[in-house]
Amino acid sequence: EVQLVESGGGLVQPGSSLKLSCVASGFTFSNYGMNWIRQAPKKGLEWIALIYYDSSNKYYADSVKGRFTISRDNSKNTLYLEMNSLRSEDTAMYYCAKYDYGSYSLDYWGQGVMVTVSS
Amino acid sequence: DIVLTQSPALAVSLGQRATISCRASQSVSTSSYNLMHWYQQKPGQQPKLLIYDASNLASSIPARFSGSGSGTDFTLTINPVQADDIATYYCQQSRELPLTFGSGTKLEIK
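Heads up: the sequence lines are chains S and F, in that order.
Residue numbering for the first sequence follows the working numbering, starting at 1 and increasing by one per position.
Residue numbering for the second sequence follows the working numbering, starting at 120 and increasing by one per position.
To be clear, the hints were calculated from the coordinates, so they are not data collected in a lab.
If you're wondering where the values come from, they're calculated on a predicted model, not measured in any experiment.
Careful: at least some of the hints might be erroneous.
Stated by the list, open to error - Part of the chain F face toward chain S, derived, beta carbon under 7 Å:
id, residue
1, P166
2, Y171
3, S174
4, E215
5, L216
6, S222
Ideal Cβ positions, reconstructed from N, Cα and C, are used throughout, including at glycine.
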């Protein structure tokens, strides 16, 4: 069974940093691209970052480019999102999602981790 | 960026057909694939993939869900609607980065 479990969220002040983790199981993590998607309270879904299976390519939404960094450790089956210079508009539930290379859909999602940026 | 437009809400009666539409600002189809996908999100839960490549049912999804469309116009159909289908439905394109989602259609019971 595919499982994705996020952690690392919390309440932080504007301008601070936070690092999210997503531990994967039930599939060969090193064979698949991974994504981070976020959802602000009562809002829709926003894709924010993609990393290829071998970390050879990384892509970001304009809203986080230069502030957020996606990375992975295939030896630990773990995906990361390092978030710097956090703003109130970064307040959201953050989901990791597996990329299906066949369809380029997001075929499995974690349960999400909440990040709140507030003074 | 490719903008996906969905109606905000749809009310249907139990046992009837629900048709949810998604229109893209430019084609999301290639010569081989229609790169549009549909997700269901229930309150307090993560999204779940329902349909990939416009018309393919994802694993473990009941056959009352179906998808169609190509180019810029796509449809998710639920027939018949059951009480468990109350959720928000999102379309998403993977034709190009950034991946984008529609704003979601909330399915309500009449």
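Hint check: 7 Å Cβ-Cβ cutoff, F/E215 to chain S:
violated (10 Å)
Interface hint status, F/S222 versus chain S (Cβ within 7 Å):
Interface hint status for F/S222: holds (5 Å vs cutoff 7 Å).
Hint check, F/P166 versus chain S [nearest Cβ-Cβ separation less than 7 Å]
Since chain S brings a Cβ to about 6 Å from F/P166, closer than 7 Å, the hint holds.
So, F/Y171 near chain S? Judge it on the closest CB pair being under 7 Å.
Holds, because the Cβ-Cβ distance from F/Y171 to chain S comes to roughly 4 Å (cut-off 7 Å).
When the nearest CB of chain S is found for F/L216, is that gap smaller than 7 Å?
holds (5 Å)
Given a cut of 7 Å on the nearest C-beta pair, is the interface hint for F/S174 held or broken against chain S?
violated (11 Å)
Checked against the numbered hints above, the structure violates hints 3 and 4; every other hint is satisfied.
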